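Chains as they are written, first to last, in the working numbering: chain B, 1 to 254; chain D, 1 to 224.
In short, the hints are calculated from the structure, not lab data.
All figures in this text were calculated on a predicted structure; none of them were measured in a lab.
There's no promise every hint is true.
[What the hints assert, rightly or not] Per the computed footprint, the stretches of chain D lying under chain B, defined by three or more beta-carbons under 8 Å from a beta-carbon of chain B, are:
no., segment
1, 157–164
2, 168–179
3, 212–224
Heads up, the beta-carbon is just placed ideally off N, CA and C, and yes, glycines get one too.
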Amino acid sequence: MWRWLHPYAKPEATYRLVDKLLPWFAGLTLISLLVGMVWGLAFAPADYQQGDSYRIIYIHVPAAIFSMGAYFGMAICGAIALIWQIKTAEWALPAIAPVGAAMTAIALFTGAIWGKPMWGTWWVWDARLTSELILLFLYIGVMALYAAFDDARTGAKAASILAIVGVVNLPIIHYSVEWWNTLHQGATITKFERPSIATSMLWPLLISLLGFMLLTATLVLMRYKNQLLKHELNRPWAQAELALDSRESAEETR
Amino acid sequence: MTAMQLWRSVLSKDLRLAARRRSDAINPLIFLLMVITLFPLGVGPGPDILARIAPGIIWVAALLATLLGVDRIFKDDYADGSLEQLCLLPQPLAFTVSAKMVSHWLLSGLPLVILSPLLALLLSLPTSAYGALSLSLLLGTPALSALAAIGASLTLPLQRGSALISLILLPLFIPLLIFATSAVESAGMGMAVHGQLAILAAISVLTVTLAPLAVAAGVRMSVN
Chain B
1 MWRWLHPYAK
11 PEATYRLVDK
21 LLPWFAGLTL
31 ISLLVGMVWG
41 LAFAPADYQQ
51 GDSYRIIYIH
61 VPAAIFSMGA
71 YFGMAICGAI
81 ALIWQIKTAE
91 WALPAIAPVG
101 AAMTAIALFT
111 GAIWGKPMWG
121 TWWVWDARLT
131 SELILLFLYI
141 GVMALYAAFD
151 DARTGAKAAS
161 ILAIVGVVNL
171 PIIHYSVEWW
181 NTLHQGATIT
191 KFERPSIATS
201 MLWPLLISLL
211 GFMLLTATLV
221 LMRYKNQLLK
231 HELNRPWAQA
241 ELALDSRESA
251 EETR
Chain D
1 MTAMQLWRSV
11 LSKDLRLAAR
21 RRSDAINPLI
31 FLLMVITLFP
41 LGVGPGPDIL
51 ARIAPGIIWV
61 AALLATLLGV
71 DRIFKDDYAD
81 GSLEQLCLLP
91 QPLAFTVSAK
101 MVSHWLLSGL
111 PLVILSPLLA
121 LLLSLPTSAY
131 GALSLSLLLG
141 TPALSALAAI
151 GASLTLPLQR
161 GSALISLILL
171 PLFIPLLIFA
181 TSAVESAGMG
191 MAVHGQLAIL
201 AAISVLTVTL
211 APLAVAAGVR
221 MSVN
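Here chain B stands alone, though its shape is the one from the complex (with noise of 0.2 Å):
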């Protein structure tokens, strides 16, 4: 695995791995994120209870469990900076960290949206929605912390250390509608036993949650191509790149 993996510590080889992924993370999202928004907002059957107001865990459940996933990512990629001192996993946290915020703020928006009319209110101080917009806080400090520094390298390093503290936050996340009894209801499908949802409800899901993963990863690799570039920008490969780049886009207009 070691063999397999060491050449990507170096920026150029991770950029041209990035750019063969790039185009196949975008097609793979557009379809499966088209599938699960129209399969679930449109076709999907409505709740007994909740009516049609209950589409929209099409988008808030997959938001809030990748503002996760990618919080675990960014810190995965900041363990990796410190342990290895791998510059190219320290350029990830900056690509990661605004695409997880942002994630973080569609589900609490989603969530505002869908409490209204659920529980009559946008907002409680509920464990849930506190801790989650603590995720929101933190990810804020994680980018504030890196813009911080003169210095792009100490402040990745200090950017991963208070992402790998934060880590701590995912589990309270999570857990968090089984520790305190609250309004937000339990899990329904990141837990061991059956699904406690409808097949015709699920399979939509499933797919709008796939589509959320790949999207999330998709926008990661564009920032992160970005990244690749700006931190290289003097080297001989990054300068080729960018003539290729403008070069093709101008036969594009001709």
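Could you slot chain D onto chain B? The hints should help.
Just chain D, lined up with the frame of chain B:
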């Protein structure tokens, strides 16, 4: 010098420095008292309202007072180069920096615990909650000091890091605030508080044991 001797000398140096420059340690406490004075003026002096919001006020003021003292933990040692020397020593850095956490706690956490009955009196907290308030501060403030040390070590090289420290520390403080205030509120209503206090103690044990590792990594990052 063994690691233990080094630990003790770092701690005693910090305490001696604080004794020579008392205002550094006392100012955050006066700030805390003033914040607490502002609330009765702001929300009205009715004892029933004050008693209801007292746990939250005291704990929020404690968090803010902790933030005021954060700069003190490493800034001077960083400026005069002694932090760099500590990094170069063969004694484990994580253990040495835990002395810094302890000195921060002795200078900001412990006075809070001692002051807490006075604060409770000022905010007319029910007498039954006094014990829970002091205990929640005693169990919670070590975690505050440990987290504060993480924040301090991460922002050392920055000239104007204090706003950033608040930004990264306050989210980490939130769980403590939730359990501590819930303990004091339950005590005020005459209910059992063991559960919340046990969780506070668990958070503190976890933070105090693991934070030195993060602090050591942060100090190494800042120094090189």
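So, going through the hints one by one against the coordinates:
Only residues whose beta carbon comes within less than 8 Å of a beta carbon in chain B count, and the segment 157–164 of chain D has 4; three or more means the coverage holds. Coverage of a stretch by a chain is defined here by at least three residues with a beta carbon nearer than 8 Å to that chain's beta carbons; for the segment 168–179 of chain D and chain B the count is 7, and the condition holds. Beta-carbon proximity to chain B at under 8 Å applies to 5 residues in the segment 212–224 of chain D; the threshold of 3 is reached and the given coverage holds.
In this structure, every one of the numbered hints holds.
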